[in-house]
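Residue numbers (numbering that gives the first Met the number 0), protein chains in the order written: chain L, 0 to 310; chain V, 0 to 268.
Keep in mind the hints are simulated off the structure, nothing from the lab. Don't take each hint at face value.
With the Cβ distance kept under 7 Å, some of the chain V side facing chain L (calculated, not the full set) [what the hints assert, rightly or not]: (1) PHE4; (2) VAL8; (3) ALA24; (4) LEU49; (5) LEU83; (6) LEU87; (7) GLY90; (8) TRP156; (9) LEU223; (10) HIS226; (11) ALA228; (12) CYS234; (13) LEU235; (14) GLY250.
Where is the CB? At the ideal position from N, CA and C, for every residue including glycine.
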Amino acid sequence: MVSPDLGVSLGPLKLKNPVIAASGTFGYGLEFLPFFDLSQLGGLVVKGLSLKPRVGNPPVRIVETPAGMLNAIGLQNVGVDAFIAEKLSALSGYDTVIFANVFGETEGEYAQVCRKLDQAPGLGAIELNVSCPNTEAGGMIFGNDPRALGRVTRACRRATRLPLLVKLSPNVTDIRETARVAEAEGADALSLVNTFVGMAVDVDRRRPVLANVSGGLSGPAIRPLAVWMTWQASRAVKIPVVGMGGILTARDALEFILAGASAVQVGTANFIHPDACVRVVRGLEQYLAQHGPSSIRSLVGALEAGGGKGS
Amino acid sequence: MPEDFTAPVVSNLDLGHGNFLLELAAGDAAADATPGQFFMVGLPHADVLLRRPFSVCGLPGTFERSGAGGIQILYKVVGAGTELLATLKEGAPLHVLGPLGKGFSLPETPGVRPVFVAGGIGSAPFPALAHALGGLGIVPRMLYGARSGADLPLLDWFRARCAEVVVTTDDGSLGRKGFVTDPLADLLASDPRDLFLYACGPEPMLRAVARLALARGVPCELSLEAHMACGFGVCLGCVVPTRSGETGDGGYERVCVEGPVMRAERLAW
Chain L
0 MVSPDLGVSL GPLKLKNPVI AASGTFGYGL EFLPFFDLSQ LGGLVVKGLS
50 LKPRVGNPPV RIVETPAGML NAIGLQNVGV DAFIAEKLSA LSGYDTVIFA
100 NVFGETEGEY AQVCRKLDQA PGLGAIELNV SCPNTEAGGM IFGNDPRALG
150 RVTRACRRAT RLPLLVKLSP NVTDIRETAR VAEAEGADAL SLVNTFVGMA
200 VDVDRRRPVL ANVSGGLSGP AIRPLAVWMT WQASRAVKIP VVGMGGILTA
250 RDALEFILAG ASAVQVGTAN FIHPDACVRV VRGLEQYLAQ HGPSSIRSLV
300 GALEAGGGKG S
Chain V
0 MPEDFTAPVV SNLDLGHGNF LLELAAGDAA ADATPGQFFM VGLPHADVLL
50 RRPFSVCGLP GTFERSGAGG IQILYKVVGA GTELLATLKE GAPLHVLGPL
100 GKGFSLPETP GVRPVFVAGG IGSAPFPALA HALGGLGIVP RMLYGARSGA
150 DLPLLDWFRA RCAEVVVTTD DGSLGRKGFV TDPLADLLAS DPRDLFLYAC
200 GPEPMLRAVA RLALARGVPC ELSLEAHMAC GFGVCLGCVV PTRSGETGDG
250 GYERVCVEGP VMRAERLAW
């Protein structure tokens with residue numbers, strides 16, 4: 000039997016399979032070396048990088064909620080220079096696409112981080128984080144205002160030749176609007192969704208559970224919302240869409256792919272099972288072997304919407 | 000090196016007052032673990048998404064009736080996760096990741112006098128440590144505080160294996176009325192020579208123990224607890240403020256990787 004073809008393209012980028020580990024859930028990749036060979040992944044997105052290192056928010060930073068979790072890490076990271084010097088070279092031996100997730104406090108900072116990464120050896124692509132809900136400067140201000148999103152995308156597009164993804168915020172009225180802006184300003188692909196803003200209250204202490212008060216909701220709780228936004232966005236633009244939101248299994252991933260995603264990211268599941276991404280890859284292979292088609296690409300956006308109104 | 004494996008429940012002993020001693024068949028991982036390390040335990044239930052961190056209470060040899068490859072976890076029912084855990088029967092499969100983190104250091108010089116300072120269920124990591132110290136011919140002392148006499152799990156076990164167990168309770172229902180830091184302050188004032196403190200309990204207690212130890216220049220290791228999603232260093236949820244910033248990440252370090260045991264002087268409390 001011929002093994003199923005899991006290869007996909009995101010604009011100029013070729014992935015051996017459509018499973019990418021999501022930013023903020025996969026460290027700098029190296030933390031997963033005790034658990035599996037990173038070459039099994041289609042790609043991995045490292046923790047969001049800024050011009051200077053950031054210490055992040057005070058604890059409590061996370062709490063489990065029904066079918067999900069809230070986090071307010073606050074974009075703690077080593078900074079782009081330390082990433083290039085200390086982390087990226089250690090990833091170079093693996094046959095997978097390394098994505099750098101990038102954020103800044105200003106358009107200029109976003110572009111400066113992109114310029115530093117542009118020549119970094121071994122880096123495959125840049126994902127702009129315009130959608131972190133947990134810091135004032137963390138990008139959501141860019142992601143929620145189509146004009147600001149257009150400016151920051153344009154500035155980064157000029158700063159790098161690397162394939163550029165824009166990671167959209169779900170905390171908007173109409174995801175199609177920001178999707179179209181990112182496409183118009185030169186994004187090669189979109190990734191969506193980042194976390195939904197949420198809050199949990201400690202009833203005994205009568206305080207917010209998180210020190211930051213609000214946090215970003217992830218996990219299976221958001222999956223139907225994220226599938227819907229993937230469906231909407233993928234029909235609004237011509238560039239490929241990478242879907243994510245609560246994917247634990249291959250069947251979850253297939254929901255996004257059938258709804259229009261060319262690839263998927265696996266996030267919160269990495270915390271529960273360090274090899275969650277590999278399980279999804281294996282599950283996709285099995286699904287194709289059992290049900291067809293021979294190539295995963297034939298399933299992208301292939302759902303039959305019947306008489307539904309769609310978007 | 001942590002392993003991700005399925006461990007069946009061997010026993011789940013109700014110690015009374017909401018405290019349980021769980022034994023898991025951990026196989027090779029039991030031999031790799033050291034006192035003060037922890038395991039992430041996943042519950043076979045859809046309502047609990049994330050695994051929960053539990054420090055190792057007993058390793059092979061700690062408790063007399065433990066089976067080969069058996070590890071013990073001491074827990075108190077405090078929320079949805081531990082409520083489910085308390086219902087599990089022999090044979091139930093748990094998804095376990097570990098051993099994880101940095102455990103306690105053992106004395107390198109002779110003559111060191113270890114003292115356990117425990118607050119309630121914070122006594123959890125000390126049986127395995129007492130056993131390891133026993134292997135070096137060292138018998139620890141223990142200061143064991145809790146809200147009331149009902150909140151001192153394994154008290155008889157500690158009394159049989161420590162040179163002395165000083166009990167304090169907030170309500171005076173057992174031992175001396177007051178906080179565990181009261182007898183600690185007395186000990187540090189009267190005879191601090193060669194003492195080495197190991198402390199585990201609620202954060203306010205740990206802060207008070209750290210302050211006392213640092214004021215007297217007595218070495219002190221704290222076993223910390225924190226909300227965490229992963230247990231292996233990627234969620235960055237479990238951080239504490241530290242002075243060292245050895246990770247290069249700045250002012251916070253991860254309880255799961257740089258801890259859960261940290262020296263008192265390292266914490267920026």
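Q) Would the stated hint for VAL8 of chain V survive a check requiring a Cβ distance to chain L of less than 7 Å? A) Violated: closest Cβ of chain L sits about 20 Å from VAL8 of chain V, beyond 7 Å.
Q.
Just to be careful: measuring from the Cβ of CYS234 of chain V to every Cβ in chain L, is the smallest value less than 7 Å?
A. holds, 5 Å
Q. When the nearest CB of chain L is found for LEU49 of chain V, is that gap smaller than 7 Å?
A. holds, 5 Å
(Q) Interface hint check: LEU83 of chain V, Cβ to nearest Cβ on chain L, cutoff 7 Å. Holds or violated? (A) Since chain L brings no Cβ nearer than about 13 Å to LEU83 of chain V, farther than 7 Å, the hint is violated.
Q: Verify the interface restraint on ALA24 of chain V: the C-beta must sit less than 7 Å from at least one C-beta of chain L.
A: With a minimum Cβ separation of about 20 Å from chain L (threshold 7 Å), the hint on ALA24 of chain V is violated.
Q.
Quick check on LEU223 of chain V please, does its C-beta sit within 7 Å of some C-beta on chain L?
A. With a closest approach of 11 Å, the LEU223 of chain V hint is violated.
Q.
Interface hint check: PHE4 of chain V, Cβ to nearest Cβ on chain L, cutoff 7 Å. Holds or violated?
A. Given a least distance of 12 Å, the restraint on PHE4 of chain V is violated.
Q.
Tell me if the interface restraint on ALA228 of chain V is satisfied: Cβ within less than 7 Å of some Cβ in chain L.
A. Holds. Min distance 4 Å.
Q. Under the criterion of a CB-CB separation shorter than 7 Å, is LEU87 of chain V in contact with chain L as hinted?
A. Nearest chain L Cβ about 18 Å off; hint violated.
(Q) Does the closest beta carbon of chain L sit nearer than 7 Å to the beta carbon of TRP156 of chain V? (A) Violated, because the Cβ-Cβ distance from TRP156 of chain V to chain L comes to roughly 31 Å (cut-off 7 Å).
Q.
Given HIS226 of chain V as an interface hint, is its Cβ closer than 7 Å to any Cβ of chain L?
A. holds, 5 Å
Q.
Quick check on GLY250 of chain V please, does its C-beta sit within 7 Å of some C-beta on chain L?
A. Interface hint status for GLY250 of chain V: holds (4 Å vs cutoff 7 Å).
When each numbered hint is compared with the structure, violations occur for hints 1, 2, 3, 5, 6, 7, 8 and 9.
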